[in-house]
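Trainee: The sequence shown begins at 2 in our numbering and counts up by one.
Mixed in with the good hints, there may be bad ones.
As the list claims (entries may be wrong) - With a Cα cut of at most 30 angstroms, we get these calculated DSBU-like pairs of lysine-lysine:
1) Lys292 / Lys306
2) Lys80 / Lys163
3) Lys298 / Lys308
4) Lys292 / Lys308
5) Lys55 / Lys80
As the list claims (entries may be wrong) - Pair by pair, the computed Cβ-Cβ distance ranges are:
6) Gln164 / Asn45: 19 to 27 angstroms
7) Asn103 / Asn171: 24 to 32 angstroms
8) Ala82 / Tyr168: 17 to 25 angstroms
Since the hints were derived computationally from the structure, they do not count as laboratory data. C-beta: ideal position from N, C-alpha, C; glycine also.
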Amino acid sequence: MQVKHLLLIAILALTAACSSKEVVDENLSEAELYQQAQTDLDNNSYTSATAKLKALESRYPFGRYADQAQLELIYANYKNAEPEAAKSAAERFIRLHPQHPNVDYAYYLKGLTSFDQDVGLLARFLPLDMTKRDPGAARDSYNEFAQLTSRFPNSRYAPDAKQRMIYLRNLLAAYEIHVADYYLTRQAYVAAANRGRYVVENFQETPSVGDGLAVMTEAYQRLHLDDLAATSLETLKLNYPDHPSLQDGQFVPRVAEADNRSFLSKATLGLIESRPPLPPGETRANQDVQKQFQDAKDAIPNELKPKDENGDVIEEPEPESTDTDRSWFSYMTFGVFD
Numbered sequence: 002m003q004v005k006h007l008l009l010i011a012i013l014a015l016t017a018a019c020s021s022k023e024v025v026d027e028n029l030s031e032a033e034l035y036q037q038a039q040t041d042l043d044n045n046s047y048t049s050a051t052a053k054l055k056a057l058e059s060r061y062p063f064g065r066y067a068d069q070a071q072l073e074l075i076y077a078n079y080k081n082a083e084p085e086a087a088k089s090a091a092e093r094f095i096r097l098h099p100q101h102p103n104v105d106y107a108y109y110l111k112g113l114t115s116f117d118q119d120v121g122l123l124a125r126f127l128p129l130d131m132t133k134r135d136p137g138a139a140r141d142s143y144n145e146f147a148q149l150t151s152r153f154p155n156s157r158y159a160p161d162a163k164q165r166m167i168y169l170r171n172l173l174a175a176y177e178i179h180v181a182d183y184y185l186t187r188q189a190y191v192a193a194a195n196r197g198r199y200v201v202e203n204f205q206e207t208p209s210v211g212d213g214l215a216v217m218t219e220a221y222q223r224l225h226l227d228d229l230a231a232t233s234l235e236t237l238k239l240n241y242p243d244h245p246s247l248q249d250g251q252f253v254p255r256v257a258e259a260d261n262r263s264f265l266s267k268a269t270l271g272l273i274e275s276r277p278p279l280p281p282g283e284t285r286a287n288q289d290v291q292k293q294f295q296d297a298k299d300a301i302p303n304e305l306k307p308k309d310e311n312g313d314v315i316e317e318p319e320p321e322s323t324d325t326d327r328s329w330f331s332y333m334t335f336g337v338f339d
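Input sequences plus hints: build the corresponding full structure.
Mentor: Now the structure itself:
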């Protein structure tokens with residue numbers, strides 16, 4: 002019970018702290034406001050510093066500390082775990098002061114805010130795989146750091162931004178591989194192959210290129226595109242001979258081929274098949290598309306169909322059926338004794 006009480010007190014205290022709003026003395030001068038804001042920043046009192054910096058900017062918009070207050074407001078919001086406010090303040094500073102000597106700092110903090118945005122409290126203390134999370138913030142951070150390094154290549158923040166870009170690029174490539182593996186498990190082999198090729202083409206020099214080639218090889222093998230599978234496999238063997246998918250020089254698929262049988266078929270150990278098994282390389286989606294095409298073709302009026310010289314509709318020959326005639330005994334035993 003004591004633990005519950007302590008948690009309740011902590012929650013109430015946190016709620017009260019978040020709901021309280023500091024009132025800044027209106028009689029403070031510009032220098033006094035700035036000095037107090039600096040003291041709050043040194044003491045890690047970022048909420049108080051934010052209030053004073055906003056007051057300084059609104060009361061003295063053309064003062065000697067106005068530009069610096071806007072810059073430090075970005076930092077205060079970033080340290081106070083308010084990413085949207087930090088990015089908004091950074092974008093505002095960049096828009097108002099594009100030629101400011103410290104505008105590169107605004108670009109850097111904007112990228113840094115996106116970099117830390119998806120790292121929540123749990124991710125800081127638990128071993129979560131960041132490559133499996135939504136890459137939106139990581140992609141934004143990469144683009145923002147890229148703006149910094151391209152516009153200000155000699156900035157003091159450029160080296161750190163470049164190192165973070167390498168990490169983000171590896172993370173984005175690994176995320177694409179996770180998506181490709183998901184497509185493989187769902188038998189969406191074309192989508193998986195496209196994801197693998199995207200990694201190979203756009204994320205060179207990342208550790209995920211070998212995984213992309215492995216995904217392409219597996220997907221092409223499932224699709225029975227032997228030439229493409231062989232080319233991908235040879236490239237994988239040549240550049241990544243120690244890849245986990247290669248065992249004794251032979252390719253081993255990472256995802257086991259899925260069992261497409263229905264629940265009734267699995268429960269009866271295949272004695273009752275609701276639908277016939279698919280031939281190699283065929284999918285239910287492909288069959289559905291073919292059926293839709295045939296239905297649309299049958300719905301064409303006779304006057305629009307091609308006709309011969311006598312004006313009769315030209316009928317296309319029916320495809321030969323590959324199924325043999327089944328006996329009544331076969332139907333009675335659900336095909337067990339075919």
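Trainee: Against each hint, give a clear statement of whether it holds in the structure.
Mentor: Hint check results:
1. Between Lys292 and Lys306 the alpha-carbon distance is near 19 angstroms, which keeps this suggested pair within the 30 angstroms criterion.
2. Taking the CA atoms of Lys80 and Lys163, the gap is about 22 angstroms. The hint holds against a cut of 30 angstroms.
3. For the suggested pair Lys298 and Lys308, the alpha carbons sit about 15 angstroms apart, so the restraint of at most 30 angstroms is met.
4. A C-alpha spacing of about 24 angstroms is found between Lys292 and Lys308, which places the hinted pair at or below 30 angstroms, so the restraint holds.
5. Proposed proximity of Lys55 and Lys80 is supported: the alpha carbons are some 16 angstroms apart, at most 30 angstroms.
6. Hint check: Gln164 to Asn45, Cβ distance near 26 angstroms, so the stated range 19 to 27 angstroms holds.
7. Remark: the range hint 24 to 32 angstroms for Asn103 to Asn171 is upheld by a beta-carbon distance near 30 angstroms.
8. A hinted range of 17 to 25 angstroms for the beta carbons of Ala82 and Tyr168 is consistent with their spacing of about 21 angstroms.
Hint compliance for this structure: every hint is met.
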